[in-house]
Each structure stands twice: as C-alpha cells, then as structure tokens.
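Visitor: Please assemble the complex out of the two chains, which come individually in their own frames, going by the hints.
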Amino acid sequence: MASTIKREQNLDKLFSIITFSAAFLVLAIIVSIFISLFRESLTAIDAFGFFGFVSSTAWDPVRENFGAATTLYGTLITTLLALAMAVPVALGIAVFITELCPKVLKPIFGTAIELLAAIPSIIYGMWGLFTFAPLMGEYVEPLLQRVFEPIPIIGQLFTGVPLGIDILTTSIILSIMITPFISSIVHDTFALTPVQLKESAYGIGATRWEVIKDVVVPHAKTGIFGSIIIAMGRALGETMAVAFVLGNKHEIATSLFDASATITVTLANEFTEADTDLYLSSLFYLALILLGMNFLLLAIAKTFLARKAKS
Amino acid sequence: MNNMTEIDKRKIINVVALSFSCAAATLGLFWLTFILADVLRHGFTYITPELFLNEAAPPGMAGGGLKHAFIGQLLVTFFAILIGVPLGILGGTYLAEYGRHRRIGRFISTLSDIMISVPSIVIGTFVYAIFVKPIGHFSGFAGSLALAIIMIPVVLRTTEEMIFLVPWEIREAAFALGAPYYKVILQIVYRGAATGIFTGILLAIARIAGETAPLLFTSFNNMFLTTNMNEPMPSLTVTIYQYAMGPYDDWHEMAWAASFVVTLFILGLTIMGRLIIRWKYKN
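From first to last, the protein sequence lines are chains V and H. The working numbering puts the first residue of the first sequence at 976, with every later residue one more than the last. The working numbering puts the first residue of the second sequence at 56, with every later residue one more than the last.
Chain H with its partners taken away, still in its complex shape (with noise of 0.2 angstroms):
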C-alpha cells in the first residue's frame, strides 16, 4: 500500500513538472503573438502613402511623412553591407581555409564570438571617439561604420561554419588537377557555400536593421531628407524612438507605422533565412 503512495507521488511530479513545460512553452508564444499583434494591429491603423511619400512636417504640424527616415535607413544600411560583406566574409574564409588549424585562426573565432554579444551602444561610442569626435559633426558615415563592425563577426562566423560543411575532398580533388589553394576557394569552395553564406548575409542585414542604439551617437538624426552620406542621417529607428519620446498623437502614430515596416522587414528576412537553411541543409 505504502509502495503504491510512493508511485503515485512519483506520477502526480511528473504531470505538474511537464505541465509547466508545456506552460512555459504557451508563454513565450502568448508574448510572440501579443507583440506581433500589437505591432500590426498599430501598424494597419497609421500606414498611410502620406508615410512613404511625405518628408517631416514641423513638430505638432499634420500631415508630415516618414520619408527621409525610409531613404536614410537605406543608405545607412546600404553602406554598411557594403563594408561590412567583404570583410566578414574573406575573415571567415581565412578562419575556415588557411587558419583552419593555427592557433591564431582559433582564437579569432573565439573573439568574434565574444564580439557577436558586445553591447551595440558600446560600439556607437567607440565609432563616436574615433569617427565622430576628430571629424568634429555627426554623420551617415559613422552609422554605417558601427554598423558594419556589428556585422563583420556575425557574416564572419557563419562564413566560418558554412565553409567548414563543405567536404575536404573536394577541395583534394581539385588540388590534384594542380589548382593552386586560392582559386580552389574562389571557384569550389565558394560555390558549395554559397546558399549558406547568403543565408549568413541575410540574418546579419536583419540584425542590423533594427539597430538604434549604435545610431543614435554616430549618424544621430535629421528631420530632412538628404542622400549626403556626411551629414546627419535620420534613420527609421532612432525616429521612431525619438518620435515615440516626444508629445505629439501624431508622432506616436508613425512611430508605430514604422515599427510596423521595421518588424515586417526583419521578420520577413529572418524567416526567409530559416526557410533556406531547412531547404538546402534538411539532410
């Protein structure tokens, strides 16, 4: 009789320990879809064309639009991919080809790692002493630039693993047609990558999309529309902090429309990413 307590105790912990599995679980996506849903809900009741098509009215004036933030955010993004692409990408191919079993090559790998998790506003007031300080104004350029540091460990270490996946026979075949190492990598190597690193492209752009914190000291912000990468540049995040902030009803309204379009964005590419890697690596 005694015995039969004891299991039944035994089985009445494990319902209440697995209930509250499956009730953490419920958790994390009632918070995924309460945010989600507020973000649209918000979103489909302020996007307007006026939006897109409309630069900043003067504060508490109707009928301004987002427009510089939309064409700031671009170029700021823009340069920083282009900085940020090459260098994370040749870094990785060292890190996973000719570094592959030096000690240095390790140890940089550990490093980006570490780097990946530096907090991004430690990395604007990096940008913000050696850029923004000597040149004496705040800048597009600077945004970019913290952007880009962000981005290189990121493309760096997923060019790193993605390289490693492709198989070393290849690469021994190739050698003994007599190609030298480089153009193995340039023509083989690089091809059998190629999804995987895109995919690694795809996430660090989507990572640095939403980035404010690193702005907001670099590129700052500007209320008008300008494609001069020296000056000031307003970005859709640092707005919509800064409008988030201010009093106005209509400027909560497009800080919400631009959440809206920022998480769309995100989402949409990170998603993409998931869907390519379970295509192309399902096996």
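For reference, chain V alone in the conformation it holds in the complex (with noise of 0.2 angstroms):
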C-alpha cells in the first residue's frame, strides 16, 4: 500500500514536471529568438550601429552599405495608413454587432467578418496582385489623381504614375486584413457595458447613437486602444500580402501611387539572396528590429487589457 502511494506520487511530481517544462519551453523559444537574431545581427551592428543603421537611407547589395530607415518608412507609413482606414470600420461593425443586427443574423454575420481573419495573407496577395491591384491601377487611382492632384500640398501625395503595384493599395488590403481583429475584441469589450448603464441613459432620453458615444464607447475605452495597438503588431509583420502588391523598392516614397518595401517584404524576397555575410547579417538586424517593435507593442497591449479585465 505505501509503495502505491510512493509510486503515484512519484508518476504524479513526474507529470508535473513534464508540463512544466513544456510550458516552459515557450519563454525559453521567446529568448532564444531574441538571442539568436542578436547574435547573426551582431556583423551589421558593428558595422552601422544602432542609430546609423536606423537612420541610413542606403541599401546598396552591391557596396554593402546597408540601413534600415527606407523598409522602416515603409512598415510604418503602410501600418499607419492601414490603421487610419480601418478603426473607423472596424468600430462601426462593432457599433453594428452589438447594436443594429437582429438576433438571429448576429452569430451568421459575426463568423463571416472573422472569416476575413481566416483567410491566408497568400490569398490576399493573389487576389491583391491579379484583381485589386489592376482595379485600382485602372479606374480608382487615375480617378483619385484627378480630383487631388491640382490641390496644393495635398496634390503631392497623388502624384506619379498609378500602377496599382503602390503604398495605397498595400495599405487598403492591410486593413481589410486587420479589420475583423478590432472588431471582434471590440465587440466584446462593448458587449460588456453593464446594461443598467445603458438604460439610465435611455431612460433620461439618450438616442441610441448617443448612448453609443458616451456610454458604450467610453466604457470600452481600453478594449478599443489594446485592439489598435494589437492590429498594429498584425499590420507591422504582415509579409505575404505585401510582398505581392507593394513593388520592393528601397526608396523614401512621398507619394501614395509610389512603390515601396517594407522590413518583411525585403526578408522575403532577400534573404535566400543574401550572398555576403554583412548583407545576410543586415537583414537579420531588420527582423531584430522588427521583433523588437512588435514585442514592445504587443506588451503594452497587454498590459492594458489585463489592467481592464482586472477593474
């Protein structure tokens, strides 16, 4: 009898411990990931450093003189114009989700907007590339052009020859991507909102907009910012569909109809290239960097939300 318990207690501390170290295995692929970008980068940052590296235009194979501000500029003008497309959709199919759609459409049209975060991005760079993209080459973009182009300053923006190969449609079809992330966390922060708050602003003859605006919203406040910041990330590391419809080119773009690359679409199409050790090494510091944001983004994200679940 004493050896059962002995050999059950024994099974048990084993079990234990084999989750555990399964468990564990996750912290130790975060660290390992960041050592080992370091240490591949570690050529390129000798060679450029932080913030020449940062702030260098060049990206030149030939003399191996390698920065990383061009790709920056593009992740980042491609995220934000994805952004600023997005969040006003994505809060008015939460707005729609939680208070227009009939009861029985909810479930129906709920699973299809997050079908369009189960498509693959490679699905979006096919139908970028042969549908969208000479869409907006042909009829959307020479449009925009002439209507925006005669505007002082503003003009700049549109100006050059539309391809549909460009910043704007590279940003477009990044916010349909990261549309449905905003919406469903949204939707389920709104769907929070204690009901009795609701119907005291009813009740004191609140429309139903205006119940939206300063009660439902302000009350999903950090749910909203947690979900921009999270489909920022999204946005950040996006590689496929970018790499079918944004062109590659390691140029400061001032314009929407410019051709652009960003870090993810330069490690895909570059990486199997990379014929010397700077260069490889150079395109190691660009996912290091690149990890390093969306680490940092998703953290504060994080620590946001908790901080909600917890109030």
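Which bits of chain V does chain H cover? Going by a derived footprint, with three or more residues having C-beta under 8 angstroms, they are: (1) 985–991; (2) 1006–1012; (3) 1067–1076; (4) 1099–1106.
Quick caveat, the hints were computed from the structure, so don't treat them as lab data. Glycine included, C-beta positions come from ideal geometry on N, C-alpha and C.
Guide: Put into structure tokens, the structure is as follows:
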C-alpha cells in the first residue's frame, strides 16, 4: 500500500515536471529567438551601429552599405495608413454587431467577419496582385489623381504614374486584413457594458447613437486602445499580402502611388539571395528590429487589456 | 421652436451615425464576398485532374501539375502537428492545473499571447539561424519546426482556456476518492475538455496551413516530388507565391487553383471549429 502511494506520488511529480517543461518551452523559445537574431545581427551592428543603421537610407548590396530607414519608413507608413482606414470601419462593424444587428443574424454576421481574418495572407496577396491592384491602377487611382492632384500640398500625395502596385493598394489590403481583429475585440468589450448604464441613459432621453458615444465607447476605451495596438502589431509583421503588391523598392516614397518596401517584404525577397555575411546579417538586424517593435507593442496592449480585465 | 430643432438635430445625427455603422458592416461583407468569389471563380476555372496527378513540368511547358506541392504541404504540416500539438497541450495543462495560481504560469500565459503575434517571417529567420544554417541546407523538417513554433502558443492557450472551463468541483470529487492529481487530469479533466482542445487544434491547423513566410527560408521549395523530409520540400503556399510572381500564364492558373484548394481547406476547418464550439458551449 505504502509503495503504491509512493509510486503514484512519483508519477504525479513526473507529470508535473513534463507539463512544466512544455510550458517553459514558450519562454525558452522567445528568449532564444531574441538571442539568436541578436547574434546573427552582430556583424551588421558592428558595422553600422544602431542609430546609424536606423537613420541610413542606403540599401546597396553591391557596395555592402545597408540602412533600415527606407524599410522602416515603408513599414510604418503602410501600417499607419491601414490603421487609419481600418479603425473607423472596425468600430462601425462592432457597433453594428452589438447594437443594430438582428439577434438571429448575429452569429452568422460575426462568423463572416471572422472569416476575413481566417483567409490566409497569401490569398490576399493573390487577389491583390491579379484582381485588386489592376482595378486600382486602371480606375480608382487615376480618378483620385484627377480630383486631388491640382490641390496644393495634398496633391503631392497623388503624383506619379498610378500602376496599382503601390502604398495605397497595400494599405487598403492591410486594412481589410486587420479590421476583423479590431472589431472582434471591440465587440467583446462593448458587450461588457452594464445594461443598467445603457438603460439609464435611454431613460433620460438619449438617442441610440448618444448611448453608444457617451456610455458604451467610454466604457470600452481600454479595449479599443488594446485592439488597435494588436492590429498594429499584426500589420507591421504582415508579409505575403504586402510582398505581392508593394513592389519592393528601397526609397522614401512621397506619393501614395509610389512603390515601397517593408521590413517583411525585404526579408521575404532578399533573405535567400543574400550572398555576403554583412548582407545576411543586415537582414537579421531588420528582423530583430521588427521583432523588438512587435514585442513592445504587444506587451503594451497586454498590460492595457489586463488592467481592464482586473477592474 | 428652438427646442424642436435641437431634438431634430440629435435625431439626424443619430440616423447618420447608425447609417455609417451599417455601411461599415456592408463594406466588411463586400470585401469578404469579393475575395471569396474571386478565388472561387478562378479556382473552378483552372482546377483540373492533372493538377493533383502530375508533377511540375519544366517552366513554360504545358501539362504540369502540383502533386509534389500537395504532398510536400501535407508532410510539412503533418510533422508540424506532430511536434506542436503534444507540446501545446502539455504546456496548456501546466498553466491551467499545476501552475494555475503560480506567478510563472500567469507570466507564460501572457508571453504566449504575445508570441502568437510575433510575425511569422521572424520565426522563419530564427529557424534559419538555428537549424538551416548549421546543417547547411534547406529541409522539410526546418519548415515543420517553424510551423510548430507558430502552433505551440495557439494550442497552449486554447488548451489552458478549455481546461479552465472544467469545474473545479469535479476534480475535488476525484481527489476525495484518493486519485492522484495526474490521474485526475488524464482521466477526468482531459475528458471534460476534449472537444474544446480538439477545436483548438483544428483552428491551429487552419492557421499554419496557410502560412507562407516561415517556409520561405526553411523548407524552401522544390520542383520535384520528394518524401525525404531532410531535403528542400515544396509546399502549396510557397509554390503559389513563386508561380504568381512568375512570368507564365499557366503558372498563374495553377497558382489560382492552389489558392482555391488552400482557401477551401482553411475556411472549412475554421467553420467546422466555430460550429463545434457553438454546439458544445451553447449555454
């Protein structure tokens, strides 16, 4: 009897150690991703430093002079434009699901929007390259150009030859991809608004929109903020959809109709072609910078959402 | 009178704002139907039996298929599942059981959430650095490893959540009968959480089946049929990328057909997962 109990205790100890090791693996993988990317980047870090690398617009594999400024710029500009387009639409969708959608249609509509998030990025890329970019290049962009180019200052954004393979097309596709991320988190936080709060607002004569604007949205502030940051992280790291439609051009673009390059596209296109140590190391350096930005953003979002969950 | 116009104004703003919300919802549906209809239309046009039966023809020659890519995709995904699923389930078990109230458990749980959002291409570069570079060549195993790393935090978090849903009292009932903790987990908790964990695995497979970026520098690509996981492995997704960017029309057609198959598979898994969740956790 005593030996059976002893054996069971040992087996239990063993099982707890096995499960702990599996959980600990997550921590170990993250730490080793940082360490190995840092180690691979050392050659480039030695050659260019941090501020030198980040501020240099050079990307010249032949002379082996590399800088991150053009790709960082491309990454940030497409991400910010995508957010600017996705946030209002996603909030609108969240309001629609929580306040306007008939109850029977709610699960169907919710699933439909989530399917947008399930479509793999390579499919967005295919559709973007063969269907959407030609539409943009032939119809939408020339129209935008005709309307906006004569306007001073803003006109600069609409110069150049609209081919469809450019920052505008990329940002729109990115915005479609991140919309469901924002809308599903926001919808969840909207649903947490206490019914009594909403009813008391209706009771003093508020319209539906006023209840949303002054009761539901303030109550969901942190959720909205957190979801936007998560979507931003997603857009920063998106590779395949962008690789098809951005054109991979290492220049600081000043027009929405210019081709550009992001960190992810540069990695996808040039990683297997890097023929020198410094070239490959610079690419690893770009990956490290992307990982750093992404990790920081997500950590901020998690802290916000966790604080919300606690209160 | 002045009062009336104030109320009218508020009513008008209300209608305008709610119409914007409806328009946003319509826009979301519009993109979904636009993309899906496009993939279906092209897919149905270009899908042929040869696609599944033939291997790649030399560039520019007619009559090629993607058999090599289908088999490669299955192999890479299969080994990724083999590595990722057990580790994810075990890790999730720790977080929800032994580590439920420990600080390290909460920390790893948050860390997994962050890891889910790490760009998949970064994971590709990581596997290149620790696997491909030391052995000196691309390999199917490297691709599986990259996909497994993406999969682990997803399976881990769903397992954790699904196990949390099993009422604590059930465990106490088993403890009272003298069952040791590991037996309670293996024989009672897992049984209660099985459907949820299974759904989590389906969704995790759906997630990795469409991944392209992490395969670019790990399993790479191959124009020939191979079952040797230690060689560069073709995959549907990388082939779609290569064919779509290539100059030949029949490459584009095959890329569309492959996109159709990938999309159908992934949306099928996703919808199945959602249906199971709704059916199981209705209340």
